[in-house]
Amino acid sequence: MLAPVLGPAAMRRDRAAGSPDLWAYEQILVMVSLAGVGAGLPLALVGYARARWPHALRGPLALPEPPGGTRRLRVALAGAVAAGCVLLGCVKGYWAAGGVAGLDAGAPDRRDLWWHLLTASTAVWALAGAWAVLVVAAGRGARRFAPPMAVTWVSSGMLFAYGVYDLLTLTGLRRPVPELPLAAAATRDGAMLLGVTMALTLLLALHDRRGALRG
Numbered sequence: 211m212l213a214p215v216l217g218p219a220a221m222r223r224d225r226a227a228g229s230p231d232l233w234a235y236e237q238i239l240v241m242v243s244l245a246g247v248g249a250g251l252p253l254a255l256v257g258y259a260r261a262r263w264p265h266a267l268r269g270p271l272a273l274p275e276p277p278g279g280t281r282r283l284r285v286a287l288a289g290a291v292a293a294g295c296v297l298l299g300c301v302k303g304y305w306a307a308g309g310v311a312g313l314d315a316g317a318p319d320r321r322d323l324w325w326h327l328l329t330a331s332t333a334v335w336a337l338a339g340a341w342a343v344l345v346v347a348a349g350r351g352a353r354r355f356a357p358p359m360a361v362t363w364v365s366s367g368m369l370f371a372y373g374v375y376d377l378l379t380l381t382g383l384r385r386p387v388p389e390l391p392l393a394a395a396a397t398r399d400g401a402m403l404l405g406v407t408m409a410l411t412l413l414l415a416l417h418d419r420r421g422a423l424r425g
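According to the numbering used here, the sequence shown holds residues 211 to 425 in order.
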């Protein structure tokens, strides 16, 4: 969804950094390939889920709890994840809207269009994941299981993957970022932890759902 805007933003950033024009125009190919991956991964998820967990794509959300189910554990995990996602989403949304607390006041040029779009995207997916993981864990809040399952899956992957991407700031591929070091570490590491825990909660829900359908 963001590829048509991120492409020109990436070209503008590379030119400002002194990159060769050839690489700047290669960003178009990079964004086209990323758009293809973004469209292909959800389709791959549907195919994999249909083969691995056929119960994930059919039936209502609410099912009886199977014997030995993990409801208490997954609801507790979902509550903690949702609270963390709301906090992360509010922080990222505040930054995307122009807030400066936690940012380097001496480097306003680092808050470019690229950074604003990715920050806003993280906020949206964090808040969406907070809703979805609660619905999946508690079995209430939606009629079908597939929509909140898909949102949980995508949100967990986005938070983890973008957190790993931000780890580039700690390697030899250092990128100047607008966040102060403590704020950057908290949002980066928090996003990765939330993404992993959200995926674990979803797997527990899928395990119990399979047991309930078999029963």
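Since the hints were made in silico from the structure, they are not lab data.
Be aware that one or more of the hints could be misleading.
To be verified - Each pair of labels, with its calculated beta carbon distance range:
no.: 1; residue 1: Pro318; residue 2: Leu239; range: 38 to 44 angstroms
no.: 2; residue 1: Leu392; residue 2: Gly250; range: 34 to 40 angstroms
no.: 3; residue 1: Gly248; residue 2: Leu410; range: 21 to 27 angstroms
no.: 4; residue 1: Leu323; residue 2: Arg268; range: 40 to 46 angstroms
no.: 5; residue 1: Ala311; residue 2: Leu239; range: 18 to 24 angstroms
no.: 6; residue 1: Ser243; residue 2: Arg350; range: 38 to 44 angstroms
no.: 7; residue 1: Gly269; residue 2: Ala311; range: 44 to 50 angstroms
no.: 8; residue 1: Gly316; residue 2: Glu275; range: 18 to 24 angstroms
no.: 9; residue 1: Leu244; residue 2: Glu275; range: 26 to 32 angstroms
no.: 10; residue 1: Leu297; residue 2: Asp319; range: 25 to 31 angstroms
no.: 11; residue 1: Gly246; residue 2: Leu403; range: 28 to 34 angstroms
Only a predicted model underlies this, so the values are computations on that prediction, with no experimental measurement involved.
Glycine residues also receive a C-beta, built at the ideal position from the N, C-alpha and C atoms.
Against the structure, the hints come out as follows:
{"no.": "1", "hint": "Pro318 / Leu239: 38 to 44 angstroms", "verdict": "31 angstroms, violated"}
{"no.": "2", "hint": "Leu392 / Gly250: 34 to 40 angstroms", "verdict": "37 angstroms, holds"}
{"no.": "3", "hint": "Gly248 / Leu410: 21 to 27 angstroms", "verdict": "24 angstroms, holds"}
{"no.": "4", "hint": "Leu323 / Arg268: 40 to 46 angstroms", "verdict": "42 angstroms, holds"}
{"no.": "5", "hint": "Ala311 / Leu239: 18 to 24 angstroms", "verdict": "38 angstroms, violated"}
{"no.": "6", "hint": "Ser243 / Arg350: 38 to 44 angstroms", "verdict": "40 angstroms, holds"}
{"no.": "7", "hint": "Gly269 / Ala311: 44 to 50 angstroms", "verdict": "45 angstroms, holds"}
{"no.": "8", "hint": "Gly316 / Glu275: 18 to 24 angstroms", "verdict": "55 angstroms, violated"}
{"no.": "9", "hint": "Leu244 / Glu275: 26 to 32 angstroms", "verdict": "41 angstroms, violated"}
{"no.": "10", "hint": "Leu297 / Asp319: 25 to 31 angstroms", "verdict": "28 angstroms, holds"}
{"no.": "11", "hint": "Gly246 / Leu403: 28 to 34 angstroms", "verdict": "30 angstroms, holds"}
Consistency with the previously given hints fails for numbers 1, 5, 8, 9, ordered from lowest to highest.
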